[in-house]
Amino acid sequence: MLEVKDLKVAYGRVRAVKGISFSVEQGQVVTLVGTNGAGKTTTLKTISGLLQPESGEIWFDGRRIDGTPAHKILGLGLAHSPEGRKIFPRLTVEDNLKLGAFARRDRAGVAQDLERVYTLFDILRQRRTQPAGTFSGGEQQMLAIGRAMMSRPKLLMLDEPSMGLSPLMMQRIMSTITELQQEGVTILLVEQNAQAALSLADYGYVLEVGQVVLQDTGKSLLTDDKVRKAYLGED
Amino acid sequence: MRIPQLVSPEQQQRLHPIGTVLTVVGGLVLLASTFLPWAYSSAALDDMTILGYPSTLQLYAAGFGLGAAVFAFLGRRLARGDGRQVVGWTRGAKTASVAAAVYLVVILGSIGLELGGLVNVVYGGWVALVGALVALVGSRLLVSGRPPRLARRVPPAWLGILSIAAAMAVVLYAAYYGLDQEDAGGFVSFVVVAIGAVAVLFRLGVMRWLSAVSGRHRKVLIFAAFLTAFAFPFTQNGSDENMSIATQVLIFAVTALGLNIVVGLAGLLDLGYIAFLGAGAFTAAILSNSVFSTVDWHPPFIVVVLISGAVSGTLGLIIGTPTLRVSGDYLAIVTLAFGEIFRFGMINLDGTDGPDLTNGSNGIPGVPDLNLFGLDFKDTHTVLGIQLGRFANYYFLLLVLIAVVILIFVRLNNSRIGRGWVAIREDEKAAEAMGVNVFGLKLFAFASGAFLAGVAGSIKAHHDVSVTPDQYIFLESAFLLAAVVLGGMGTVLGVLVGATLLKLMPEKLRFVEEYRLLIFGLLLVVMMRFRPEGLVASKRRQLEFHDDDDELAEKIQSDIDEREATGVVPVGGQA
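Which chain is which? The protein sequence lines are A and B, in order.
Each residue of the first sequence is one higher than the last, beginning at 8 in my numbering.
Each residue of the second sequence is one higher than the last, beginning at -11 in my numbering.
Bound conformation, chain A alone:
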């Protein structure tokens, strides 16, 4: 469904992504794990068109999408829930969610999806008229995921959904990801929390300073010695 080939991205003269390749198949949860500065966020931003690649190819649904403007990529069915959530703090929950559906024009479908998001996250329904900035981090993350879902994406990219959350809230978010997968959404998940991400991913890629250093199924990576040492804090 998504195929990234030898992608290179640079901020000015500093190259953050140094030729990575990976693919995501329909219905899978695929994760990119790695430490700070590994190039995970840069990769996602480039896929969604917020950054332009230096070289390499990005294919989505049989189409080459590198160089396409961000608002058109979203229209193709590729949603991006950005790092740090980036919700609109002064807008109400409902306005936030409706903005997630900005690229769509089928009102009935939007209303349906709004209901679906409210069913998924009941707390959002209860607080739909409140400004989103008054929410806790976990609630904001739910909103960010819900908002990304509002574009009815074929592929959902989540950037660090567990960032700054309590262990309990993190579990909730992770189980939501599994729920979404069961609903048929394909997910590309970027996480620093390798343990959580790998245990629910079908397939994982380990990134280090802009390159893929390891790739395997989630379970295998979880038991891989190198991964355990480098990312799971075991020796």
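If you are wondering where the hints come from, they were derived from the structure by calculation, not from laboratory data.
Keep in mind that a hint or two might mislead.
Calculated lysine-lysine pairs in the PhoX-like style (CA-CA distance at most 25 Å, straight line) [said to hold, decoys possible]:
{"no.": "1", "chain 1": "B", "residue 1": "417", "chain 2": "A", "residue 2": "105"}
{"no.": "2", "chain 1": "B", "residue 1": "417", "chain 2": "A", "residue 2": "161"}
{"no.": "3", "chain 1": "A", "residue 1": "79", "chain 2": "B", "residue 2": "417"}
{"no.": "4", "chain 1": "A", "residue 1": "12", "chain 2": "A", "residue 2": "25"}
{"no.": "5", "chain 1": "B", "residue 1": "417", "chain 2": "A", "residue 2": "15"}
{"no.": "6", "chain 1": "A", "residue 1": "226", "chain 2": "A", "residue 2": "236"}
{"no.": "7", "chain 1": "A", "residue 1": "15", "chain 2": "A", "residue 2": "105"}
Take a look, some chain B residues computed to stay more than 10 Å from chain A by CB distance [claimed, not checked]:
{"no.": "8", "residue": "-4"}
{"no.": "9", "residue": "-1"}
{"no.": "10", "residue": "2"}
{"no.": "11", "residue": "6"}
{"no.": "12", "residue": "28"}
{"no.": "13", "residue": "31"}
{"no.": "14", "residue": "61"}
{"no.": "15", "residue": "111"}
{"no.": "16", "residue": "219"}
{"no.": "17", "residue": "391"}
{"no.": "18", "residue": "399"}
{"no.": "19", "residue": "410"}
{"no.": "20", "residue": "417"}
{"no.": "21", "residue": "494"}
{"no.": "22", "residue": "499"}
Virtual Cβ for every residue (Gly too), placed ideally from N, Cα, C.
Once you have looked at the hints, place chain B on chain A.
Chain B alone, transformed into the frame defined by chain A:
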């Protein structure tokens, strides 16, 4: 606007009874004093020399005094309960006392200035001042209580509609009366009274009630507002003097509304907006039948309007395409420069430095009056026995234009495009991730704002008779922006109020002309300190500027509850 709290809430809780007595006594003293003479001579303001018969200006003081006394009396039990209240009596009493004191200072000051010294203030005036000050001190001791909940009361439809009609009648009378004040002192006093009365009604909770009622009867409100505006020329009895001020206000307001799309909705700071008005005006003047026109093609005015709009809109696209990729300060600087480039360009298109198009700094004088649908705008018409002069004709045309602009503004704001603008304003990066075409929407805002300014300019050319480059200086752009910011960015009502104030004040306050910019600057500083969201604020902006304000948070929450309960959005309150 919040006045710093001198007495703590705990002290107020304790001193409330004393405060009530002082406010009531002070208010009554002020009321009684209006039956005494205030001035030595009747030459100042209106005749305040008569014992036992208050003049109009004295009656206003009596109103504030009576208000302070009655409201304080009605709010006497507030300190005992939990502060819940339907009508904010003590809040009203506090504001009425402040208004009374300010008003007295203005009146006595005017008497002193106009008659040459405060000796001309007679004992009645001093009694009034003492009364006002006692009420002021007393009112500081009153508890405020929780925000009034009057707005939640839903009146029967007939009462609501009647209230809207009454409010509009008051507005019409105030416009008539205010513009009629030739004397500067009289005008300032009137302004103080008007602001004071609105502030008192606001603190009582009446304004919010009215706004909620208007939200329920939105169509009635819009109809009544336009009927009121339409009726205004009929109060002037053929006089062109005030009508020319009114048309200037309307031109300014239309332009400010156009700028409001750019600044208030899309959040783009444009410091050269006047250039688009100028481009429209020059286009219309060049295509008009003026003997100084440099072009031989003179299409009908309807066509000219569209061409003027298109020329300005195209200029907007040309300026916007390279600059809207940068944000914030850069855009402001580029548009500032563009405004100046436009002016110099018009000066240089004089046949020696460039092609002969604008006659250089002489501009194009002698732009003939409009002639639309057989109506010659230079003629005076008599309707219902009332004469309507040249400016009244332009007034009606501008009224139609302003209605169109407001319609466009509201439709845009509530559309998908409007939501995109909100997202861009809030967070450009996040908006982009939501699939908002950031650059496209910004360019659209910029060009459509320019188009509307061009259309306004085409009427302005005929209204002003002559079009010269020096009418379109940076200061005008600054004033337009100030009207938007002072009034309330992103709102229609606020910008109308802001534009009216900024255009009306200089006309009526000729005596402070040299200090105009100084006063204007002070006003801006005071506003930014106490009410940065503007006179009429959209709710989101209030949140933006006061997110640590508990009272406001409570108010917004209660609005949300109210909207849930009744399904109504209060007027002026929509974000």
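| request: Against the structure, test the hints numbered earlier, and report the numbers of the ones violated in rising order. | output: Failing hints, ascending: 7, 19, 20.
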